[in-house]
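If you read the sequences in order, they're chains D and C.
The numbering of the first sequence is our numbering, which starts it at 1 and goes up by one.
The numbering of the second sequence is our numbering, which starts it at 116 and goes up by one.
Just so you know, not all the hints are guaranteed correct.
As the list claims (entries may be wrong) - PhoX-like mimics (lysine-lysine), calculated; alpha carbons at most 20 Å apart, straight line:
#: 1; chain 1: C; residue 1: K132; chain 2: C; residue 2: K183
#: 2; chain 1: D; residue 1: K57; chain 2: C; residue 2: K118
#: 3; chain 1: C; residue 1: K156; chain 2: D; residue 2: K9
To be verified - Partial selection, computed: residues in chain C whose CB lies under 7 Å from chain D:
#: 4; residue: S144
#: 5; residue: Y148
#: 6; residue: V163
#: 7; residue: Q213
Just so you know, the hints here were simulated from the structure itself, not pulled from any lab data.
Using N, Cα and C, we set each Cβ at its ideal position, and we do this for glycine too.
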Amino acid sequence: DSGVTQTPKHLITATGQRVTLRCSPRSGDLSVYWYQQSLDQGLQFLIQYYNGEERAKGNILERFSAQQFPDLHSELNLSSLELGDSALYFCASSASSGPYNSPLHFGNGTRLTVT
Amino acid sequence: ELKVEQNPLFLSMQEGKNYTIYCNYSTTSDRLYWYRQDPGKSLESLFVLLSNGAVKQEGRLMASLDTKARLSTLHITAAVHDLSATYFCAVDRDSNYQLIWGAGTKLIIKP
């Protein structure tokens, strides 16, 4: 158990809808990262927050947004959903603002299916 | 642009055999990470390699890093079925925590 909690585990929704994915990092970790994993694109970094502030941005669509709250949990909001957004979304956390000497700790992911 | 290439992408092998997974990357980086993912599951950190010549071992897995060759290897010794999984390498781009990931090597070990 990595200590990173993601909810929900599964989400099925229709095109055009909006969903929110939630992540609680490991106790003591200040950084939260969001990743998208799909069969055709592999593992793609979306965005990182460190202690409530956006730290780095990857291949995140404008339809997607995220935030990290004062209690350090994070939410990833996906709107105007398309079929191609169907994927496994992972949250990861770390103690520092960068990878440096320690690995990321991943949650179990949220599987999003857009129909 | 930093690219990370793994090969092979798929490997089927018998228990008891040895094999090596290769991870090449295109630009300078001193930090390389190996992760394991079981089907439909999360990613588990295996090794963090932080300098040229770094070698780490855990059980039947051994990872090494050659930053001059921009190459890391993950060696499997006397494979067992429980090692069946997809193995990913990832490289740190510009110390910005934007890890760039390889496509993964799906390893199937037949009993």
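Violating hint indices (sorted, rising): Result: hints 1, 4 break, sorted rising.
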